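Chains as they are written, first to last, in my numbering: chain A, 1 to 432; chain B, 1 to 187.
The hints are simulated quantities; they were obtained by calculation from the structure and are not laboratory data.
All of these numbers come straight from a predicted model, not from anything done at the bench.
Glycine included, each C-beta is placed from N, C-alpha and C at the ideal position.
Just to be clear, a hint being listed does not mean it is correct.
Here are some, though not all, of the chain A residues that point toward chain B, as calculated from beta-carbon distances under 10 Å [to be verified]:
(1) Thr-42
(2) Thr-142
(3) Gly-154
(4) Ile-224
(5) Asp-257
(6) Asp-259
(7) Tyr-262
(8) His-266
(9) His-281
(10) Ser-282
(11) Lys-343
(12) Phe-379
(13) Phe-396
(14) Gly-398
Going by beta-carbon spacing under 10 Å, a handful of chain A positions derived as facing chain B [unchecked claim]:
(15) Arg-85
(16) Thr-131
(17) Pro-375
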Amino acid sequence: MAMTITEKILAKHSGKSSVRAGDNVWIDVDVLMTHDVCGPGTFAIFKKEFGKEAKVWNNEKVVVIPDHYVFTSDVHANRNIQILRDFVAEHHLPHFYDVGSPNYKGVCHITLPEEGFTRPGEVLFGTDSHTCTAGAFGEFATGIGNTDAAFVLGTGKLWVKVPETMKFIFEGEMPKYLMAKDLILAVIGKIGVDGASYRAMDFCGETIDAMTMEDRMTICNMVIEAGGKNGICAPDKTTYDYLSTRTTKHFESFYNDDDAKYHSIHRFNVKDIEPTIAKPHSPDNKASVKEVAGTKLDRAYIGSCTGGKISDFLAAAEIMYGEKVKIETFIVPATTDVAKAMKELKVKDKTILQIFEEAGCQIGESSCAACLGGPKDTFGRLNHDEVCISSTNRNFPGRMGTKKSQVYLASPYTVAASAVKGVIASPREFFQ
Amino acid sequence: MKKIITGKAFVLGNDVDTDQIIPAAHLVYRIDDEEEKKNYGKFALSGVPLEESGLPKGNIPFTKEGEWRSEFTIIIGGKNFGCGSSREHAPFALQVAGIEAVVAEGYARIFYRNSIDGAFLAPFETSEHLYQEIHTGDELELHTETGELKNLTQNKMYHLKSLGDVQAIIAAGGIFAYARNAGMLSQ
Numbered sequence: 001m002a003m004t005i006t007e008k009i010l011a012k013h014s015g016k017s018s019v020r021a022g023d024n025v026w027i028d029v030d031v032l033m034t035h036d037v038c039g040p041g042t043f044a045i046f047k048k049e050f051g052k053e054a055k056v057w058n059n060e061k062v063v064v065i066p067d068h069y070v071f072t073s074d075v076h077a078n079r080n081i082q083i084l085r086d087f088v089a090e091h092h093l094p095h096f097y098d099v100g101s102p103n104y105k106g107v108c109h110i111t112l113p114e115e116g117f118t119r120p121g122e123v124l125f126g127t128d129s130h131t132c133t134a135g136a137f138g139e140f141a142t143g144i145g146n147t148d149a150a151f152v153l154g155t156g157k158l159w160v161k162v163p164e165t166m167k168f169i170f171e172g173e174m175p176k177y178l179m180a181k182d183l184i185l186a187v188i189g190k191i192g193v194d195g196a197s198y199r200a201m202d203f204c205g206e207t208i209d210a211m212t213m214e215d216r217m218t219i220c221n222m223v224i225e226a227g228g229k230n231g232i233c234a235p236d237k238t239t240y241d242y243l244s245t246r247t248t249k250h251f252e253s254f255y256n257d258d259d260a261k262y263h264s265i266h267r268f269n270v271k272d273i274e275p276t277i278a279k280p281h282s283p284d285n286k287a288s289v290k291e292v293a294g295t296k297l298d299r300a301y302i303g304s305c306t307g308g309k310i311s312d313f314l315a316a317a318e319i320m321y322g323e324k325v326k327i328e329t330f331i332v333p334a335t336t337d338v339a340k341a342m343k344e345l346k347v348k349d350k351t352i353l354q355i356f357e358e359a360g361c362q363i364g365e366s367s368c369a370a371c372l373g374g375p376k377d378t379f380g381r382l383n384h385d386e387v388c389i390s391s392t393n394r395n396f397p398g399r400m401g402t403k404k405s406q407v408y409l410a411s412p413y414t415v416a417a418s419a420v421k422g423v424i425a426s427p428r429e430f431f432q
Numbered sequence: 001m002k003k004i005i006t007g008k009a010f011v012l013g014n015d016v017d018t019d020q021i022i023p024a025a026h027l028v029y030r031i032d033d034e035e036e037k038k039n040y041g042k043f044a045l046s047g048v049p050l051e052e053s054g055l056p057k058g059n060i061p062f063t064k065e066g067e068w069r070s071e072f073t074i075i076i077g078g079k080n081f082g083c084g085s086s087r088e089h090a091p092f093a094l095q096v097a098g099i100e101a102v103v104a105e106g107y108a109r110i111f112y113r114n115s116i117d118g119a120f121l122a123p124f125e126t127s128e129h130l131y132q133e134i135h136t137g138d139e140l141e142l143h144t145e146t147g148e149l150k151n152l153t154q155n156k157m158y159h160l161k162s163l164g165d166v167q168a169i170i171a172a173g174g175i176f177a178y179a180r181n182a183g184m185l186s187q
C-alpha cells in the first residue's frame with residue numbers, strides 16, 4: 001500500500017507492514033524530551049502511576065533540557081529545576097543539560113539536533129508543542145502533555161492517530177531578502193491557525209531541497225501554529241551532512257511513495273512571496289511587510305527555537321552592520337553553541353556579537369527568555385503595553401508578557417531592519 | 001465521567017489559546033501539592049482579554065478575586081479551542097477551577113489529547129455556533145452518553161457530536177486506566 005513518510009514511520013514503530021491515515025496505533029518511542037516547565041509534572045504523574053520505586057523504560061532515550069525559566073529569581077521556577085536534578089540523579093539519566101554546568105545548552109528544540117538526538121525515521125515526543133521542529137530531519141516529532149509523557153517514561157509507548165498529510169511544494173530560488181520564516185508565515189496566513197489541525201505537513205520542492213537544516217527547522221517549527229501534528233522534510237545529503245558529526249547511531253530514511261494519498265497539495269513559487277508578517281494577535285493574521293511598513297514599534301526581539309539559531313543572527317547582523325538600533329532590541333541566542341558562534345562568525349571584519357553590541361542591542365543568556373513571557377523578571381519580557389516585532393513563533397494575547405502588549409511576528413531580516421528604522425521596515429531596501 | 005453534567009456556562013470565542021487559559025508565568029506551581037495547585041484554579045482563564053471573558057457581555061471574571069473555584073461548570077467555545085502550547089496545565093487548571101466539560105466547534109490537537117488522556121474534562125464538539133447562542137451564566141445540562149445538551153435557561157436543546165474513538169479512554173478514566181484495563185500495564 002502506498003504511504004507517506006509519516007505513515008511509514010508510524011507503521012514501522014507499530015510493528016505493522018502498513019498503516020493509513022485515521023488508524024489508531026500504539027507506537028514505540030525512540031526519544032522522549034522534557035524541560036523545566038513540564039518535567040516536574042511529568043515526573044509526579046510517573047511516580048503516582050508506576051510507584052515511587054519505578055524505573056524509566058530506557059534511560060538512554062530520555063533527554064532533560066532546562067530552558068524555559070532559567071535566569072529568574074522566581075522561587076517556584078528554581079525549585080522546578082531542582083526537581084529535574086533530583087529525578088535525573090535518582091534515575092541515572094545521562095542526557096541532562098543542567099543550568100550552571102558546562103553542559104548547559106538552552107532551548108530544547110535546538111539542543112536536540114545539536115546533540116544528535118534528531119534522526120531520520122525515528123519517533124520523538126517532547127513535552128513542548130514546538131517538538132515538531134525535528135520533523136526537518138525526516139522523523140515523526142510532536143508535542144505531548146505531562147500525562148502522555150509519564151506514560152512514555154514508564155512504557156516507551158504511546159497511542160497516536162495516524163495523521164493525514166498536507167503537502168506543501170515550494171518552487172523557485174529564494175530571493176536574497178526572503179527567509180524560511182517568511183514562507184511558513186505565508187503558509188499559516190493562507191490556511192489559518194487551525195488549517196492543519198490533526199494533520200502532518202510535508203514540505204518539499206526545489207526550494208526546500210536547497211535549504212540548510214536550520215531553515216528547514218524554522219519551517220517545521222511553526223507547523224503547530226497551523227494546528228499541525230507534525231512537520232516533515234524528506235531526508236537528503238544536507239540532513240546526513242548535518243548529522244555526520246553529531247550522531248553515530250544507525251537510522252533509516254523514509255520517502256513518500258509516488259502514489260501516496262494526501263489530504264491536499266499546495267504549491268508556492270517563492271518569487272511570489274513577499275517578506276511576511278503576522279500582526280497581533282494571531283500567527284495567521286498575515287500581511288506583507290510593505291502593507292504595514294511604518295507601524296510604530298517600541299521593541300525588537302530576536303531569539304527562540306524559531307528565530308534564535310546562528311543563521312538567524314547572521315541574517316540580523318548583515319542588516320545591522322554599521323547601523324544603530326532606534327528601539328530597544330533584545331538578542332537571545334537559543335543555545336550556548338549559538339552564543340559561542342556569535343563570537344566567532346563574522347560579517348565582513350566584525351563578529352556577529354560585535355555588530356549587535358555596536359548597534360546598541362541588549363544581549364541575553366541562552367534560553368527561551370521572553371518568547372513565552374515567563375516570570376516578571378524574564379529578559380526582554382513585555383511588562384507593559386509595548387509594541388514588539390519578534391522573530392519568535394506565537395503572538396496570541398499575552399504571549400510575550402502582559403495582555404496589553406502587541407507582538408508582530410517576522411523574519412530575523414525584517415526584525416533587524418525594523419530595529420534599525422524604529423518602525424516596521426522591509427529588508428528589501430537593505431539588499432539593493 | 002458523570003452521565004449528566006449540570007451547571008453554569010462560561011462562554012468564550014474562537015482560538016482561545018493556552019496562554020489565555022493559563023498564562024506562562026503561572027506554570028511554575030506543583031500539580032501534586034494540594035495547596036499549591038489551587039493557584040491553577042485561581043489563574044485559570046486569567047489571560048483572556050477582558051472584553052472576551054464571559055460572552056456575550058464580556059468583563060466577567062471566570063474565578064472571583066481571591067477564589068480558586070469558579071461558579072461555572074461547562075465552557076462553551078468556538079473553533080480551535082486550546083491552541084498553542086502543549087502545557088497540560090491548561091485542561092488541569094480548568095479542572096481545578098471546577099470545569100467538567102468543554103463544548104467547542106473544534107480543538108487544537110494537544111489540548112484535546114491532554115484533556116482525554118489525563119481525564120481532566122470531557123471535550124465535546126458541536127457543529128453549531130453555540131458560543132453565539134448560549135450566554136454566560138445560562139444553566140446547562142449535558143448528557144455525556146447521548147451528547148444531548150439542554151439549555152435550561154433558554155429552554156433549548158442541542159445534539160453534540162459523538163466522542164468517537166476516544167470515548168473508551170474517557171470512560172476508563174484516562175490513558176493509564178485504559179491501558180490497565182487493556183492489560184498493557186499491571187494493575
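Okay, the hints, checked on the actual structure:
The criterion of a C-beta within 10 Å of any C-beta in chain B is met by Thr-42 of chain A, whose closest approach is roughly 9 Å, and the hint holds. For the restraint placing Thr-142 of chain A at the interface with chain B, the shortest Cβ-Cβ distance is roughly 8 Å, inside the 10 Å limit, so the hint holds. A distance limit of 10 Å between C-beta atoms decides the matter here; for Gly-154 of chain A the minimum to chain B is near 8 Å, and the interface restraint holds. With a least beta-carbon distance of about 8 Å to chain B, the hint placing Ile-224 of chain A at the interface is held under the 10 Å criterion.
Hint on Asp-257 of chain A is violated. Least Cβ distance to chain B is approximately 25 Å, over the 10 Å limit. A least Cβ separation of about 27 Å between Asp-259 of chain A and chain B goes past the 10 Å threshold, and the interface hint is therefore violated. At its closest, the beta carbon of Tyr-262 of chain A sits 19 Å from a beta carbon of chain B; the interface hint therefore is violated under the 10 Å criterion. Hint on His-266 of chain A is violated. Least Cβ distance to chain B is approximately 19 Å, over the 10 Å limit.
Residue-level restraint check for His-281 of chain A holds (minimum Cβ-Cβ distance to chain B is 8 Å; threshold 10 Å). The beta carbon of Ser-282 of chain A is positioned within 10 Å of a beta carbon in chain B (closest approach about 6 Å), and the interface hint is therefore held. For the restraint placing Lys-343 of chain A at the interface with chain B, the shortest Cβ-Cβ distance is roughly 30 Å, beyond the 10 Å limit, so the hint is violated. With a cut of 10 Å, the hint placing Phe-379 of chain A at the interface with chain B is violated, because the nearest CB-to-CB distance is about 14 Å.
The beta carbon of Phe-396 of chain A comes within 4 Å of a beta carbon in chain B, closer than 10 Å, and the hint placing it at the interface holds. About 5 Å separates the beta-carbon of Gly-398 of chain A from the nearest beta-carbon of chain B, less than 10 Å, and the hint is met. Interface restraint check: Arg-85 of chain A against chain B, minimum CB-CB distance 16 Å, threshold 10 Å, status violated. With a cut of 10 Å, the hint placing Thr-131 of chain A at the interface with chain B holds, because the nearest CB-to-CB distance is about 8 Å.
Checking Pro-375 of chain A against chain B: minimum C-beta separation of about 6 Å stays under 10 Å; hint holds.
The structure fails hints 5, 6, 7, 8, 11, 12 and 15 (numbered hints given earlier, in ascending order).
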